[in-house]
Amino acid sequence: MWLIYGCRSPTSSLLFENELSDAVNSKVLKHLCLCFSRDTVNSPDEKYALKEISSILTEQACFPLKAQYVQDCILCKYSTDYEVSEHDIQLMNLVFEKGAKIMICGGPRALAFGVYESWLRLLAMRLYFERTQKWCKYSAIPEEDFINARAYVDIMRKAERFQEDVWA
Numbered sequence: 001m002w003l004i005y006g007c008r009s010p011t012s013s014l015l016f017e018n019e020l021s022d023a024v025n026s027k028v029l030k031h032l033c034l035c036f037s038r039d040t041v042n043s044p045d046e047k048y049a050l051k052e053i054s055s056i057l058t059e060q061a062c063f064p065l066k067a068q069y070v071q072d073c074i075l076c077k078y079s080t081d082y083e084v085s086e087h088d089i090q091l092m093n094l095v096f097e098k099g100a101k102i103m104i105c106g107g108p109r110a111l112a113f114g115v116y117e118s119w120l121r122l123l124a125m126r127l128y129f130e131r132t133q134k135w136c137k138y139s140a141i142p143e144e145d146f147i148n149a150r151a152y153v154d155i156m157r158k159a160e161r162f163q164e165d166v167w168a
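Note that the numbering used here gives residue 56 to position 56 of the sequence shown, counting from 1, and the numbers run on in steps of one.
Simulated from the structure, these hints should not be mistaken for laboratory data. Note that the Cβ used here is the ideal one computed from N, Cα and C, for glycine as well. Careful, some of the hints might be misleading.
What the hints assert, rightly or not - Distance ranges between label pairs, derived from CB positions:
#1 93 <-> 25: 21 to 29 angstroms
#2 132 <-> 16: 23 to 31 angstroms
#3 2 <-> 155: 27 to 35 angstroms
#4 13 <-> 132: 22 to 30 angstroms
#5 55 <-> 133: 39 to 47 angstroms
#6 143 <-> 2: 37 to 45 angstroms
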């Protein structure tokens with residue numbers, strides 16, 4: 001199971017830290033990404049400056065560089081020229097090959113929209129790859145692949161593989 005968890009700060013809004021640490025340590029969570037909108041990690045060594053976080057999370061969780069928000073982690077939009085990263089490919093494989101469920105939970109609605117748009121862009125990129133057998137930059141994905149990605153999300157929703165719990 002993967003979890004991409006976003007909150008403002010590790011000191012004031014990281015809920016269930018002990019439970020997350022236990023889940024990571026026991027491998028219930030195979031991959032945990034932590035994004036902090038007020039304490040962004042800009043280099044690999046900066047995560048060690050977040051002394052408020054347990055050592056298990058510091059050592060084993062993913063701190064996507066410059067990812068302030070969950071949508072930044074999903075899309076890894078800070079990778080060079082918005083090209084596909086290994087992280088992007090892993091997420092695509094979870095959805096397309098492993099039948100992963102995507103659950104978006106949070107508020108306000110703007111957050112959910114940003115997360116949805118990042119998933120849509122990621123899925124469109126994968127559909128483009130399946131059609132052409134090559135990657136392109138995210139900015140060059142054709143509209144036809146976005147249309148197909150929206151249709152794919154609709155199919156996922158009907159199969160309860162794409163769920164949103166959003167509040168205002």
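Results for each hint:
1. With their beta carbons about 25 angstroms apart, residue 93 and residue 25 fall inside the hinted range of 21 to 29 angstroms.
2. At about 42 angstroms, the beta-carbon gap between residue 132 and residue 16 misses the expected band of 23 to 31 angstroms.
3. The beta-carbon spacing between residue 2 and residue 155, approximately 21 angstroms, falls outside the hinted interval of 27 to 35 angstroms.
4. Evaluation of the 22 to 30 angstroms hint for residue 13 and residue 132 yields a failure: the beta carbon distance comes to about 42 angstroms.
5. Separated by about 43 angstroms at the C-beta atoms, residue 55 and residue 133 satisfy the suggested range of 39 to 47 angstroms.
6. At about 29 angstroms, the CB distance of residue 143 to residue 2 disagrees with the hint of 37 to 45 angstroms.
Of the numbered hints stated above, those contradicted by the structure are hints 2, 3, 4, 6, listed in ascending order.
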